[in-house]
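Sequence order for the protein chains is A and B.
Each residue of the first sequence is one higher than the last, beginning at 0 in numbering that gives the first Met the number 0.
Each residue of the second sequence is one higher than the last, beginning at 0 in numbering that gives the first Met the number 0.
Be aware that one or more of the hints could be misleading.
Derived DSS-like pairs: lysine-lysine, alpha-carbon spacing no greater than 30 Å straight-line [as the list claims (entries may be wrong)]:
id, chain 1, residue 1, chain 2, residue 2
1, B, 232, A, 536
2, B, 71, A, 454
3, A, 454, B, 83
4, A, 40, A, 537
5, B, 86, B, 68
6, A, 625, A, 28
7, A, 40, A, 176
8, B, 254, B, 370
9, A, 537, B, 128
10, B, 163, A, 454
11, B, 239, A, 176
12, B, 246, A, 158
13, B, 252, A, 459
14, B, 83, A, 459
15, A, 536, B, 163
16, A, 176, B, 254
17, B, 252, B, 232
18, A, 502, B, 128
19, A, 454, B, 254
If you are wondering where the hints come from, they were derived from the structure by calculation, not from laboratory data.
The primary structure of each chain is shown beneath.
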Amino acid sequence: MSTLAVHDHGVAHHDEHGHEHHKETFVSKYIFSMDHKMIAKQFLITGITMAVIAMILSILFRIQLAYPDKTFPLLTTLLGHFAPNGRISTEFYLSLVTIHGTIMVFFVLTAGLSGTFANLLIPLQIGARDMASPFMNMLSYWFFFMASVVMLSSFFVQKGPASGGWTIYPPLSALPKAMPGSGEGMTLWLISMVMFVASSLMGGINYVSTVLNMRTKGMDLWKMPLTIWALFLTAILGILAFPVLVAGVVLLIFDRSFGTSFYLSDIVLNGVAQPYEGGSPILFQHLFWFLGHPEVYIVIMPAMGISSEVMSVNSRKPIFGYHAMVYSLIGITVLSFIVWGHHMFVTGMNPFLGGVFMITTLIIAVPSAVKTFNWLATLWRGNIRFTPAMLFAIGMVSFFISGGLTGIFLGNAALDINLHDTYFVVAHFHLVMGSAAIFGMLAGVYHWFPKMFGKLMDEKLGYLHFWLTFIGAYLVFFPMHFMGLDGVPRRYYAFTEFASMQKWLTINTFITWAAIMAALAQVAFLYNFITSIFAGKKTTQNPWESNTLEWTTPVEHLHGNWPGEIPTVYRWPYDYSKPGAEEDFIPQTVPFSQTMSSNLPHDFEDNPAGLEALNKFNTTLKAEEKVK
Amino acid sequence: MAFKKLINSKFILSFFAAFMLLGTNLLMAQTAAAAAGTGDEAPQVDWTGVAYYVLLFFLVCLGVAVIGKILKIYDLSLKIQGKKGLKWNNVMGVICLVFLLAGLYGAYWSFTVQGSMTLPEAASIHGVKVDEMFTVTTVLTMFVFFVTQILLFGFLFQYRHSDKRRAHFLPHDNTIEKIWTIVPAIVLTVLVVFGFFTWQSIMDTHQVKGDLNVDITGHQFAWELRYPGKDGKLGPKNFKLVTGSNKLGVDFKKKSSFDDLSADTMYLPVNKPVRLNIEAQDVIHSVYMPHFRVQLNAVPGLPTVFRFTPTITTAKMRTDLNDPTFEYLVYCNKICGGGHYNMQKIVRVVSEAEYQTWLSHQKPYLSDALKKELHFADAESPKTVSQNRLALNN
């Protein structure tokens, strides 16, 4: 297969070797493809499919929350015994929230986001012909696909899918008798997750080795676009964190199937003492959150990178504080490994440990704040083009601020006592990692759609999609903060049993309708996405007038990305609106010798010869002006 | 492209359509048959109602499409007249500004209306400290929230695209970057230091003489309460001793177990420190008493303790809130199964005298059935219990 050719023969050999005489079949091109661009599309479409499914699940449980007393015969028709007599059963409600969370966090915002954009952008933006290991890349997608299938198949087992929450804390998840979802559904969840982690590791190792080894000439680390920095650091996070989840999951499988007691102790079920002794449920929480917290940064960092790039391109301004942006990403990467305990302040973990985790948690707010201010400074005095991608990037920043600030409450152990596991938490993470990350992803889809499919998406539909989704998300999650401040716990099937919660019923109805509106707005996106693939307007080579390398490749995809030699890189990717330049953008491939009028002393910090040339040019320029 | 050919093939498309139609028909017939088979158990779907909403959605889509076409035609007609066409950058800039104003009003409305629906003042000593921290954090974060959102959407409107202008080339500015790194760092340090000491003081659960120990045990789906008898000590537990009448597995080899009392409602004397001894039997639960700002997980195999002092009686809270039915409650706040949403226990904070009266009416944990089970031969045991009660009354 031709991708192997790219890998085996090397660059120089590649051109004469050519790809024409490799016969591409439907299977090798669209299914078991090893071309990074096709794999990116596979990840994207699978991710979008999973997102739609998870969104429908969320609408189902929102209907239950809004109308806890009404019956919907349609639900029985659709869901059978999961919704007897027109109402979702209590257990299936918990299955819905569990699978919604799992799919959104892992399958959409980890694989769908990182998988798509790391595959698409890493080779294209650093100037490589493909990934370091295209075969492993293909396996990564297919493991992800299998994981998705297994996860969804759990809806077809008798007792229903896993229902212990996406965090699957044992003993609830370890004891099949504790709830129906802890039976076969939980087994499928665990199998799916092991395959998912395998996929994620194969992808991550590939991304890291590609970024480190396969950059084109001139592309040193400090000339990489922020997308690449973000995806690179995300991959490192994933490689270090995901194996720990597997460890936790394997021990859980042992507890479930082989009678060990890693997480179980002193358990009485239905009045019968169980033979488990010496384990600790807290151990699982440590293992889970050691992945789980880096995981939220695995979700948000690619969105940050994409937004930085999109905002810089569409403000026609260099990203403000490029170095600070990179250092804050590195800071977040490092700190994210020592903050996991803030999910466990009130779980019975040693309170002193809680205090320590609180300190590290609030430190991580500093790099996040720096990033926010830098984005604002990037917009300041820009020349902002409102492409749909730009709007989604802005939406990402807005959500990141709104959701990030409530993190300061939750990271404070003393405040977390009363806010833990309430709707305040739901509002917080849905804004800061849910909405923000999905907006980053959508920004990426709108921005790189021309690169992926060679067509342009409809802008007006993009505007409609953005505003409905943006407003919808705020209408859904803003009121939830106040529910949390009233002490309304999350994952409650109905608010009807507590007199104090009944005042929130009307707000629940409102939230549900806002959610339905936002969900229907996605039809605009799906319609736009699908019709544009087939009937969209043909794109030009560089539709956004962007500096990065991917826009130097031809519109028609070819194996190895560039028809001739891979271009050399001379400058950083953010030379937008440089004073003295003819155009308001200078691609990375333009050498400084061609842009004498716009060069700055800063461009030659580590290049004394260049600086001398610049000074000479400037003095002659001045002399000429004097002569005039 | 092979794929494109495949999609464009009319034969395949019509085949697919026919297949779908047939499939749907079959499925409908099946569900109808199934519904008929199960009789009136499954409620009938009101398909007209569903169709109504689907139709409504299609109408909205149609409306959107029509508006889209009108905009396109308007745009084209402008271009034919030699004008520039719709300036979408301006339109979006204005919408951003409108969104900012509407959003600010919405946030204000939400803060005042929904903000007033939140929990009443803390009914415990440490809760007041927590609330103070909350207020400080709210003021700081809301300041940042409003400033950054105003700047964000303000900039979008202010610097919307214009062909006449070029963006200001500003790659970095070390001074301002230092400022906005150091200022948040200082603010956060202050919050961390206060939070750390508040947290440590709340979590100091050392037993002090005079503390009331209450045992609360979670299981699917209820809480069990146990109060110490006159010795003030709770007897030890062992999960292996659990039986039908010894639900908590109290170990009656220890003397302190004999006078323990079981209770249905959690009565707490006002202004007296309480140590909640929390444990779970089957899965993780969480003792959540939001009015007291108390929450700690109940973990099987890991006993946890939360020490707090209630300060407002139920009666006073009822008059304060003008709600004669108000009750403090314990919720379960960790997903624990199907009944998770309804695991409540009433908490009443009362005066010391009321508390003592209530306590004297509680049944001993060592019930007659339990005694029979443990083969306690002593026939005079009922007397001991009544003596206990007398002793408590004194």
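Residue 163 of chain B and residue 454 of chain A: Cα distance at most 30 Å? holds (29 Å)
Can the restraint linking residue 83 of chain B and residue 459 of chain A be considered satisfied, given a maximum Cα separation of 30 Å? holds (17 Å)
Assess, step by step, whether the Cα of residue 502 of chain A is no farther than 30 Å from the Cα of residue 128 of chain B, and give holds or violated. holds (27 Å)
Sort out whether residue 459 of chain A lies within 30 Å of residue 252 of chain B, counting only the CA atoms. This hinted pair is violated, its Cα atoms lying about 78 Å apart.
Given the hint that residue 254 of chain B pairs with residue 370 of chain B, test it: the Cα-Cα distance must not exceed 30 Å. holds (15 Å)
Do the alpha carbons of residue 176 of chain A and residue 254 of chain B lie within 30 Å of each other, as the hint requires? violated (35 Å)
Between the alpha carbons of residue 454 of chain A and residue 254 of chain B, is the straight-line distance 30 Å or under? At roughly 82 Å apart (the allowed maximum being 30 Å), residue 254 of chain B and residue 454 of chain A break the hint.
With the threshold set at 30 Å, check whether the alpha-carbon distance from residue 232 of chain B to residue 536 of chain A stays at or below it. Given that 30 Å is the threshold and the Cα spacing comes to 79 Å, the pair is violated.
Take a quick look at whether residue 71 of chain B and residue 454 of chain A sit within 30 Å of each other, Cα to Cα. holds (19 Å)
Quickly compare the C-alpha distance for residue 537 of chain A and residue 128 of chain B to 30 Å and report which way the hint goes. At roughly 62 Å apart (the allowed maximum being 30 Å), residue 128 of chain B and residue 537 of chain A break the hint.
Given pair status - residue 83 of chain B, residue 454 of chain A, alpha carbons within 30 Å: With Cα atoms ~24 Å apart, residue 454 of chain A and residue 83 of chain B stay inside 30 Å; holds.
Given the hinted pair residue 536 of chain A and residue 163 of chain B, is their Cα-Cα distance within 30 Å? holds (28 Å)
Checked against the numbered hints above, the structure breaks hints 1, 6, 7, 9, 13, 16 and 19 and satisfies the rest.
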